[in-house]
Amino acid sequence: MTFLTYLISGLALGSVYAIIALGYTMVYGIAKMLNFAHGDIIMAGGYAAFYAYTRFGMPAGLAILFSILTCTILGVIIERLAYKPLRQASSLSVLITAIGVSYFLQNSAQLMFGSDTKIFPSILTEGSFRFFDGKLIISYLTLITIFTCIVIMIGLTAFINKTKIGKAMRACAEDKGAAQLMGINIDTTISITFAIGSGLAAIAAVLLCSTYPSLSPTLGSMPGIKAFTAAVFGGIGSIPGALLGGILLGIIENMTKAYLSTQLSDAIVFSVLIIVLLIKPTGLLGKKENVKV
Amino acid sequence: MKKLFVVLLSVLCVLTLAGCGKSGNGGADSDGTVTVKLGGSGPLSGDAKVYGEAVRNAAQIAVDEINASDSKIKFDFRMEDDEASGEKADTAYSTLYDWGMQVSLFTVTSGAGAAVAASYDKDKIFAITPSGSSTALVYTDSQNFKGNFQMCFTDPNQGVAAADYLASYFGGYKVAIIYKSDDVYSAGVYEKFAAEAEAKGVSVVYVGAFTDDTGTDFSTQLTAAKDNNANLVFLPIYYQPASLILKQAFDMAYTPIFFGVDGMDGILTLEGFDTSLAEGLYLLTPFASDADDALTKTFVSTYESKFGDTPNQFAADAYDCVYAIKQALENMGYDGTMSTEELYDAMIAQFTSMTFNGLTGNDMTWAENGEVSKAPKAVIIIDGVYVSAE
Amino acid sequence: MKKILDNLLHQKNRSRTISYAMIIGTYLIIEILMHSIRMSRLFTSMLVPCCCYIVLALSLNLVVGFSGELSLGHAGFMAVGAFTAIIVSGLCVQMIPDPIIRLFISIIAGSIVSGIAGLLVSVPVLKLSGDYLAIVTLAFGQIIKSLITNIYLGFDRNGMQFSFVNNELNLEQGRMLLSGPMGATDTAKISNFSSGVLLILATLFIIYSLIDSKYGRAIMAARDDRIAAESIGIDILRSKTLAFVTSAILAGAAGALYALNYSTLQPAKFDFNTSILALVYVVFGGLGNINGTIIAATALYVLPELLRSLQDYRMLIYAIVLIIVMQLGSSARLKRSLEQIRNRFARKGDVR
Numbered sequence: 107m108t109f110l111t112y113l114i115s116g117l118a119l120g121s122v123y124a125i126i127a128l129g130y131t132m133v134y135g136i137a138k139m140l141n142f143a144h145g146d147i148i149m150a151g152g153y154a155a156f157y158a159y160t161r162f163g164m165p166a167g168l169a170i171l172f173s174i175l176t177c178t179i180l181g182v183i184i185e186r187l188a189y190k191p192l193r194q195a196s197s198l199s200v201l202i203t204a205i206g207v208s209y210f211l212q213n214s215a216q217l218m219f220g221s222d223t224k225i226f227p228s229i230l231t232e233g234s235f236r237f238f239d240g241k242l243i244i245s246y247l248t249l250i251t252i253f254t255c256i257v258i259m260i261g262l263t264a265f266i267n268k269t270k271i272g273k274a275m276r277a278c279a280e281d282k283g284a285a286q287l288m289g290i291n292i293d294t295t296i297s298i299t300f301a302i303g304s305g306l307a308a309i310a311a312v313l314l315c316s317t318y319p320s321l322s323p324t325l326g327s328m329p330g331i332k333a334f335t336a337a338v339f340g341g342i343g344s345i346p347g348a349l350l351g352g353i354l355l356g357i358i359e360n361m362t363k364a365y366l367s368t369q370l371s372d373a374i375v376f377s378v379l380i381i382v383l384l385i386k387p388t389g390l391l392g393k394k395e396n397v398k399v
Numbered sequence: 235m236k237k238l239f240v241v242l243l244s245v246l247c248v249l250t251l252a253g254c255g256k257s258g259n260g261g262a263d264s265d266g267t268v269t270v271k272l273g274g275s276g277p278l279s280g281d282a283k284v285y286g287e288a289v290r291n292a293a294q295i296a297v298d299e300i301n302a303s304d305s306k307i308k309f310d311f312r313m314e315d316d317e318a319s320g321e322k323a324d325t326a327y328s329t330l331y332d333w334g335m336q337v338s339l340f341t342v343t344s345g346a347g348a349a350v351a352a353s354y355d356k357d358k359i360f361a362i363t364p365s366g367s368s369t370a371l372v373y374t375d376s377q378n379f380k381g382n383f384q385m386c387f388t389d390p391n392q393g394v395a396a397a398d399y400l401a402s403y404f405g406g407y408k409v410a411i412i413y414k415s416d417d418v419y420s421a422g423v424y425e426k427f428a429a430e431a432e433a434k435g436v437s438v439v440y441v442g443a444f445t446d447d448t449g450t451d452f453s454t455q456l457t458a459a460k461d462n463n464a465n466l467v468f469l470p471i472y473y474q475p476a477s478l479i480l481k482q483a484f485d486m487a488y489t490p491i492f493f494g495v496d497g498m499d500g501i502l503t504l505e506g507f508d509t510s511l512a513e514g515l516y517l518l519t520p521f522a523s524d525a526d527d528a529l530t531k532t533f534v535s536t537y538e539s540k541f542g543d544t545p546n547q548f549a550a551d552a553y554d555c556v557y558a559i560k561q562a563l564e565n566m567g568y569d570g571t572m573s574t575e576e577l578y579d580a581m582i583a584q585f586t587s588m589t590f591n592g593l594t595g596n597d598m599t600w601a602e603n604g605e606v607s608k609a610p611k612a613v614i615i616i617d618g619v620y621v622s623a624e
Numbered sequence: 030m031k032k033i034l035d036n037l038l039h040q041k042n043r044s045r046t047i048s049y050a051m052i053i054g055t056y057l058i059i060e061i062l063m064h065s066i067r068m069s070r071l072f073t074s075m076l077v078p079c080c081c082y083i084v085l086a087l088s089l090n091l092v093v094g095f096s097g098e099l100s101l102g103h104a105g106f107m108a109v110g111a112f113t114a115i116i117v118s119g120l121c122v123q124m125i126p127d128p129i130i131r132l133f134i135s136i137i138a139g140s141i142v143s144g145i146a147g148l149l150v151s152v153p154v155l156k157l158s159g160d161y162l163a164i165v166t167l168a169f170g171q172i173i174k175s176l177i178t179n180i181y182l183g184f185d186r187n188g189m190q191f192s193f194v195n196n197e198l199n200l201e202q203g204r205m206l207l208s209g210p211m212g213a214t215d216t217a218k219i220s221n222f223s224s225g226v227l228l229i230l231a232t233l234f235i236i237y238s239l240i241d242s243k244y245g246r247a248i249m250a251a252r253d254d255r256i257a258a259e260s261i262g263i264d265i266l267r268s269k270t271l272a273f274v275t276s277a278i279l280a281g282a283a284g285a286l287y288a289l290n291y292s293t294l295q296p297a298k299f300d301f302n303t304s305i306l307a308l309v310y311v312v313f314g315g316l317g318n319i320n321g322t323i324i325a326a327t328a329l330y331v332l333p334e335l336l337r338s339l340q341d342y343r344m345l346i347y348a349i350v351l352i353i354v355m356q357l358g359s360s361a362r363l364k365r366s367l368e369q370i371r372n373r374f375a376r377k378g379d380v381r
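Protein sequences appear in the order of chains P, R and Y. Take the first sequence: its letters are residues 107 to 399, numbered as in the numbering used here. Take the second sequence: its letters are residues 235 to 624, numbered as in the numbering used here. Take the third sequence: its letters are residues 30 to 381, numbered as in the numbering used here.
Hints are not guaranteed to be accurate.
Stated by the list, open to error - Selected chain Y positions facing chain P (Cβ under 7 Å, derived; list incomplete):
hint, residue
1, Ile59
2, Met63
3, Tyr161
4, Ser175
5, Leu351
6, Ile352
Simulated from the structure, these hints should not be mistaken for lab results. Ideal Cβ positions, reconstructed from N, Cα and C, are used throughout, including at glycine.
Generate coordinates for the entire structure from the input sequences, incorporating the hints supplied.
Written as structure tokens, this is what we have:
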């Protein structure tokens, strides 16, 4: 029974990682950049929802929508101002810019919202299912998180495979030059990718903050690194990979804490990651790229 | 790009060279007041900013009050950012030294403070930390930093006090501990608590840890504590992660007694926190922002109107530090003619002999080694307010 | 004499000459200033850490710039070097009272242990490529930090005592060398500016020697075109391992010098942010550009100190500077105008 409890809380943690990882992996697949500021967009989403709900008195649904809108706009602005001029630059320059953006967002948030922790209101739902005389408790939130995660994954897959923009995205991911020759507007496509990725970050923010209701300006950095790890674990660029990677990472982390050591859980989780990557060098579901001469 | 760097470099050289030499001590002004340069460093950016800000704000309130009063002693206060890191604390200290700091609020965090403790000692600048609770700030295995003092309890002191309290009031309870293993403060309290608990026969059934990277999900630790039938959970951690633990325990219908130390203070004033979750929570604290003595009331209302937040114990300790320094300066009849070194000796003489009444306690005295003697008081939260648990 | 000078200024050696001249020149100027006028405390307190960051950035440039692998865990090697040096220095206090010899031995010990760690890490790391390699270096960085956070090490009359995860040491009038998250306390500060400069010079010598050697050319060939390099029989793995281990050794040395400059050091210092910081120095300075790395590390290290007067806006401005410099650095128009200026000067030179 205890094992099931551990498994379920791992699943809840993992699904939050997974949604964040989806944003990472999408941007990576199309723009070929590691957007280290992704975690901080989550932070922005959390604050947007918090202020919308508690200060502007919006109902929950509207607050979430407001958060999604804020993040989408923020994501597009960041892409246009900071990343777009670097389209031709080396990927490392983009990485450093992303780090700069991440510092910028964190410090702005500290100046704007203050550095103290705020408690995120439970805007989604409270309560839980109880099984076996309350020995096994699954909160509604956990179910919502997992469900949202699956819906997003299916939606994204359908979007990328079926719609015109989705196809344009895949074309960009495959070969930017060729895509451009086919009349695809690369800049627009990348902007749309950022818009979607950031919108997902807002949803992740609401779920993350509802599950772990502690809101602070540096909130995004830890889940950011974890989600990046999860995305690579599952095979970066792969959407089902991000889901699988996120959920596995959450479960491994909780199992380690439960049965091995809470002090050394970081070390053990990362060791597992290294071993997996040694066996599958491109992540669990990553494509194996053949290097051509 | 390179040219930009060269320009930057030359600007640096000019700036750092220009600031050389130590300015002399002010001496008495024409109106008979003396101004003392009061320095200090703390995290004003990064993860720990909230603590540095609390200290800066509260110290500023104290300094403003004193400067506006008819006191002969006035302060020129300057707080530098050290990002809670030892390396930055060193440069922050150097900046303050160049500025001509005479007395210091030391550092806000333990890690940063330990890195500059020896510098304060060597340069003979008197320093009292509001919140750096590790003993490494005031003494080490090999030496005692004569002029380094503390306003807060030390970590071992708290661990022992908590274990003693549990042994005498909660005998027979099964105790689980959740602490932050990569945090100096939390690990320091835990270590001493564990040793003392064993000696006092407190039964510890589970010990769980978390780190910066795993500090969001506590369900595993809580489930394990529950499985081991722990009916008291000791939380030597700060109030932010503690608020998550309380919430998650509530969600899984686990209702032991929670017991915190002084880092727990602040939990009731977390914006948006459902204080009913903290009902029945015990904590050891020197300061309660809702105490009803006049001193606390004025301080809290000034702080709230100026900065929009309720002050926590970091703030209260910082406020006390400034007033304690003022009291020592007044007692010795400081007139601005002393050198920093003479001031240093005089301050030590004052602090080891005087008693001080402040926000965080009455009749405080300091030992030769720099530790403050004030007993941590146990309080319990009932109906959203602290009530003495003695 | 002229021949030597010509040789030094020859295209091939110019960068090297500039590096050495820059370091030695700056060192002499600072030393003269320190002995003639009273320098501000801030300035003197920044000298040693600055040297450490220069060495760290140079070592990372060997992996990122020359070898072309993104490493996100370099702070881990710095940590290994740092804590090894603290232990060695702490144990040798009685045996070797002379601080300079002790510093030297500690740095050597730090580099060796860090080099061994580098060798161990390189086995799995170099089997991967691209972002998978990057994440594994990140993972190792975190693992190293996490392990050091749990080490308790002390010595007393009965010799060394060690415990892991929980502090179970019972010292009789002994001294703790490492105490978990508190790290090392009460370390003797024996680093100084001269040793820092010597370490930079040694680093430069090692890096230039490596680059000019057969292995160095192999590393760069493999970076530029792996398949072509393999096809002509270059053992890529061996040369990459060499670069990686050398880099770990140098990072360890930087860590050792750093550790012995402070009386306390906590493992938390060597987190992901420190690795990123080193990477920022490298990218600012230019991949594979040694002089650029030195200048960038210096400038970016002192920048936050310069911004102190801005108080709360300090790190915000720092972030904006990071973003803007990256934009300027890769702006096509700026590059063109710089090119033009350079051409104009070049032409003038021709006339003469």
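Hint check:
1. Ile59: 29 Å, violated
2. Met63: 34 Å, violated
3. Tyr161: It holds, given that the least Cβ distance between Y:Tyr161 and chain P is near 6 Å, below 7 Å.
4. Ser175: At about 4 Å, which falls below the 7 Å cut-off, the nearest Cβ of chain P leaves the hint on Y:Ser175 intact, so it holds.
5. Leu351: 3 Å, holds
6. Ile352: 4 Å, holds
Hint compliance for this structure: hints 1 and 2 are broken, all remaining hints hold.
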